Amino acid sequence: MSSPEKDVRPKNIHLMKSTGYAMTGEQWDRVGGIFEEALACPASERASFLKESCGDPAVRREVASLLKTADEAEELFDQLIPVVREHRRPQKAGWGTRTKNDPLDLEGTEVGRYAVEKHLGGGGMGIVYRARDTELDRPVALKFLPPHLAAHPEAEERFLREAKAAAALDHPNIATIHEIGETEAGRRFIAMAYYEGETLKEKMASEAPLPLEEALEYAAQIAEGLARAHDAGIVHRDVKPANVMVTESGGVKLVDFGLARVADQSRLTEPGRQLGTAAYMSPEQAEGDEVDARTDVWALGVLLYEMLAGERPFCGERKAAVLHSILHEEPTPLHEHRSEVPAALAQIVMRCLQKAPEQRYESAGELLDDLRAVRSGEAPPHAEAPATDDADPQDRSIAVLPFDTIGATEATAFTDGIHGDLLTQLSSLSGFQVISRTSVRQYRDSEKPVREIARELDVQWILEGEIQEAGGQVQVNTRLINAQADQQVWARDYRRDLTAENLFDIQGELTEEIAHSLKAELTPEEKRQVEHRPTENLAAYRLCAQGRKHLDQRTEDGIRRAFDCFQRAIEQDSEYALAWAGLTDALSLFAFYGFTPPDDAPDPMDTAQRAVDLDPKLGEARTALGIQHAIRHEGPAALRELTRAVELAPSYAEAHIWLTWVSVCLGRPEMGLPPAKRAVELNPLAPAIRVYLAENYLANNNPDDALREARRAREIQPEYGLTHFMEGLVLHHKGRSVAAASSLQRAQSLVSSRGTPTHAEIQAALAVTHAAAGDAPQAREHLRQIDEATAPFSAGLAQAALGNVDAAVEAFERVDNWGSPETEHLRYFFPDVLGPLRDDPRYEALIRGVNQAWGLEPDGGLPEKRSPTK
Amino acid sequence: MTDSSPERVTTLLARLREGKDEAAGDLFEQVYTELRRRAHGQRKHWKGNPSLRTTALAHEAYLKLISPEEQSWENRSHFFAVAAKAMRQVLINEARRKRAQKRGGDAPVLSLEELREELGRDVALTEERAEVLVVLEEALGQLEAERPRAARVVECRFFGGMTIEETAEALGVSGSTVSRDWKMAQAWLYREMKQIRGEQVSDGDDSS
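Protein chains in written order, with numbering that gives the first Met the number 0: chain A, 0 to 869; chain B, 0 to 207.
Source of the hints: derived by calculation from the structure; they are not laboratory data.
Owing to the predicted nature of the structure, the values given are computational and were not obtained by experimental measurement.
Hints may contain errors.
Claimed, not checked - Looking from chain B toward chain A, a few residues come up when the C-beta cut is under 7 Å (computed):
(1) Arg128
(2) Arg146
(3) Pro147
(4) Gly160
(5) Ile163
(6) Arg179
(7) Gln185
(8) Ile195
In this text, a Cβ means the ideal position worked out from N, Cα and C, and glycines have one as well.
So here's chain A without its partners, still in its complex pose:
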């Protein structure tokens, strides 16, 4: 088919890259609008339509060019869609398809004197082919740097240096290196002996755990090879099953000496590229510290553990969890996996797995001595592991997993209510770290072992249980588990008549039991609080629980239902503080999301105050009030209430987050840091809260820690725009404007039009980074993308980046709502851009205005004395 119109464009327009007419968003939309209308026109009228509707000849040409291919394009895409639908699901072909792959396109070619036969595989460290040495007529393995590493000259140089060092190692347990060569295309490779057999990884995949004798044999051979290398001053750095070949005769060959270093180095320049498995990394590698022979000792310990236990000592679903485990967790004792493992052998493994390198074997040689001793039934001479610390008895970190409901399905909200109340009580105990409800909620119905959950949340204790409601009675079964020791400490079952009093009594007794087991002494005040019954009215209690559950959905419908429940709870018991706090939270959420609150909605400031008046010691109530003050930018009052909330409920994450935010907005970033850290402890798996901590570090002028937190957040959730935005800001602070721009662009591609951060904020940050990189035209382009009317602050920031001080200040003066992030950005960020402004008297006036907008004295001080807001 063809487009019927005459093409009036000059011929060379076809050769023009699409970028030849680089459209801004606005132009794209305009072209799109005209294009769409033109498509709707009968073909014969299109030309005249275009002439009428496009003033700009460039736009007209573009529309005409697109129109020309529109029908063909649509047809092609329509035809392709069934193919896409068929193939967008991954093929379950397994590795079979992979070996057919020929990533470097070398199969069937000759590389020097080697005839390349088959791609064998390979990962981050190298791509391996089987080849035949045509001169000596023997099989060899050729290892090439993967393309992403070959692009780095330093990586290539290191590849060669390490390969040469390893080539000098002549040992039966180290794979023989024949030569280091180069293809005609200039690609460097290592020619190694080819061994028939399988890697230890493949072996373990088919038979794990391994027979004791076999595991010991492999470990000893690996240790021999490593000992030879360590003597020569070479550290392997990446001992793992995939790097251990087991030949058909049972001999062990270690491959890839020192190559990890090559990839390590390049990782700095390739963010996001994950090195293979983290499971064998030593703590010092995980921390990015220097490594030595003891790192190999660690890895061999992990490997030996895995061969014996059939599972790895440090595991987790995500890399971050694995690293966390490596750094902070003790492995399950080997004999729990396999009772026949001799104590002496278990002791050897544990000595390898000491977190501190100085507590491990000095080198593989010492380890080898011990392995040999075990094999001959003697006492291992070096295994005397330094005494390990027992689990800290003072560690009062606990996660209360969501309770299961037995029987009536309807009781879930009720069950959750009891769960929530128990958390509220525990949260108010000083010296406890109670993981927040939002972080434990994801383990509902989870089948993960308790140990693993404890590891992910970094807690020592776990409480779990079930609740049953039947025949006017309630049954609560609970178990306290010492997760580090994987031991149940106790089980407590309660069966009482179903009344509000009894429910609170059960919670109070449980709290005291837990406190007792965790060796915490309750203060008289805490004891009073624990014994306190917030309501005597069961219906009110149920409604309040129901309300909290609805609120957690964060949907308009959920918030409305929650509001309803809290109101009805208050009708049942108007003295119930938690219901008033919940009502306030519902009203706050209406405001955040821009939903219209019900007509009869009370003023949330009144409801918050009511909650506090009813129970001045309730952290939730203080937080609700603090949030209300914060939303109104009543800084000092917000600070006061939230500080109090944090004291009252040390484990209520929401209070910490808000306290952080208010502190930072009030120009007191140092006060914001402790609660931000605490919030991360309480919500270890929430990337957003880590981003928040990163922002705080940056506000405290600590870009190194900020970068670390931003990156951890990214590891937890790589596709979350805000983390990339924050990483961009931090990198910019560190003077790395090119990397910063790339992070910001990533953020841009991930954030939807109504997400956080906004389009304008990203554009402004991009303008700043491009200006810093000396690309003023690009910075101007980003400035153009900002609508100054709706985003005056971002516009001002971009102007400042371009050196237009007057325009910047004028834009800043137009900001009528100094909220977030404007306040933080003005106060702390972009020192290179805003710094020069800071001498300008108008800038000082701005800051005074911001201080006043937040209820501070113009100089930023807290007002001397102020009557309470209500």
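Given the structure of chain A, go ahead and fit chain B onto it with the hints provided.
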């Protein structure tokens, strides 16, 4: 329980990008089905007031992300987009593999027009079709750089198989924007693909 936690989905995506889709199985298809079910279950409307965002909404976004199973719109749309991205990646990985299997022959390359006529007979991923998809990926990369929103639309519509409404919901734009972007992007990509493949843009046909 269907594991559609954000960590799981994004880890999957990272693995896909490295070409490791063998291990992924059809997990993401499950995720996708699950997301779709939820989207139909609870539609919400954003009527937000931008100035409020500047005070407190950012916090809300943080809190919401804490609980992966209680998806509210921002998360959900995020996952929709991610699911479509995953499908794109899987398909392109497959197309690249297909192309890598046989190289170096002088097989005539069909023009896009010829290919179009040949399409529709079956759904096999032939070498020619694989080649076109790889070229499409390159063109899409260009579009991504210039008009990320339009590229997202293509991901959702073409790779994710989502309707206009679903795409609008996922990307937080209006249906008419999606519809316009989709039409524009197809024409734009087609033109770009022709250029990449060294084909003349079709003015041979239209002398009159």
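Each hint, compared with the structure:
1. Given the 7 Å rule on beta carbons, the hint for Arg128 (chain B) holds: about 6 Å separates it from the nearest Cβ of chain A.
2. Below 7 Å, beta-carbon pairs count as interface contacts, and Arg146 (chain B) has one with chain A at about 5 Å; its hint therefore holds.
3. Taken as an interface hint, Pro147 (chain B) checks out: its beta carbon lies about 5 Å from the nearest beta carbon of chain A, inside 7 Å.
4. Interface restraint check for Gly160 (chain B): the shortest CB-CB distance to chain A comes to about 6 Å, inside 7 Å, so the restraint holds.
5. For Ile163 (chain B), the interface hint is violated, the least distance from its beta-carbon to any beta-carbon of chain A being 13 Å, above 7 Å.
6. Checking Arg179 (chain B) against chain A: minimum C-beta separation of about 4 Å stays under 7 Å; hint holds.
7. Proximity of Gln185 (chain B) to chain A holds as hinted, the smallest CB-CB distance being about 4 Å (cut-off 7 Å).
8. Hint status for Ile195 (chain B): violated, given a least beta-carbon distance of 10 Å to chain A, over 7 Å.
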